[in-house]
Amino acid sequence: MKNVMINKILFCFMIGCFIGCAALMEQGELVRVDQGMKLTKSGAYYPSIAQIYKFSLPKRRSIQKIVIYTNGPVSNLTVYGQKEKDMWHKIKEIKGTIQGSYELRMAMTTDGIKLVQSSGRAKKRLAWGTAEIAEIKSIELYGSAGQD
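Take the sequence shown: its position 100, counting from 1, is numbered 99 in numbering that gives the first Met the number 0, and each next residue is one higher.
Since the hints were derived computationally from the structure, they do not count as laboratory data.
Treat the hints with caution; some may be incorrect.
Unchecked claim - Simulated DEER-style distance windows between Cβ atoms:
| id | residue 1 | residue 2 | range |
| --- | --- | --- | --- |
| 1 | 82 | 137 | 33 to 41 Å |
| 2 | 8 | 91 | 30 to 38 Å |
| 3 | 6 | 68 | 46 to 54 Å |
| 4 | 85 | 137 | 34 to 42 Å |
| 5 | 28 | 7 | 35 to 43 Å |
Just so we're clear, the structure is a prediction, and the values are computed from it rather than from any experiment.
Beta carbons are placed, not taken as given, at the ideal position from N, Cα and C, and that holds for glycine.
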């Protein structure tokens, strides 16, 4: 009796795995959908004060993946997606430090992404009293093919 129950549970699990794999295969390959994107940057250029990066798309796109590129260690980053004009929805809060590139999977239809860097660190000293600041350099947005 116990083996029959275990077999039924395993069978249901296997069916669920097949359905999940089929859904992933149906999703297709992701392509870049950030053509025509514009960056607006605001905030103070200092490691302890926030930098805000607003990336605007020319039209609403379905986004499944964001890749963030930095020029050094960036910490305390929050990613938002624009639901409506000036209405932002928090996608992810990254409390740790990222460096180089960071990949974020999500699902949202939007025409804008906002990154808020609430703190940063000096990347390297250039001269006495000045430093090059670690910051976000660019992002790439990916979605399903055939959105145009």
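(Q) Given the hint of 46 to 54 Å, is the C-beta distance from residue 6 to residue 68 inside that range or not? (A) 49 Å, holds
Q: Given the range 30 to 38 Å, decide if the beta-carbon distance of residue 8 to residue 91 lies inside it.
A: 34 Å, holds
Q: Please test the hint of 34 to 42 Å on the beta carbon pair from residue 85 and residue 137.
A: Given range 34 to 42 Å: violated, Cβ gap about 24 Å.
Q: For the range 33 to 41 Å, tell me whether the beta carbons of residue 82 and residue 137 fit it or not.
A: 23 Å, violated
Q. Regarding residue 28 and residue 7, is the given constraint of 35 to 43 Å on their beta-carbon distance met?
A. Given a distance of about 36 Å, which is inside 35 to 43 Å, the answer is holds.
The structure fails to meet hints 1, 4 from the earlier list, while all remaining hints are met.
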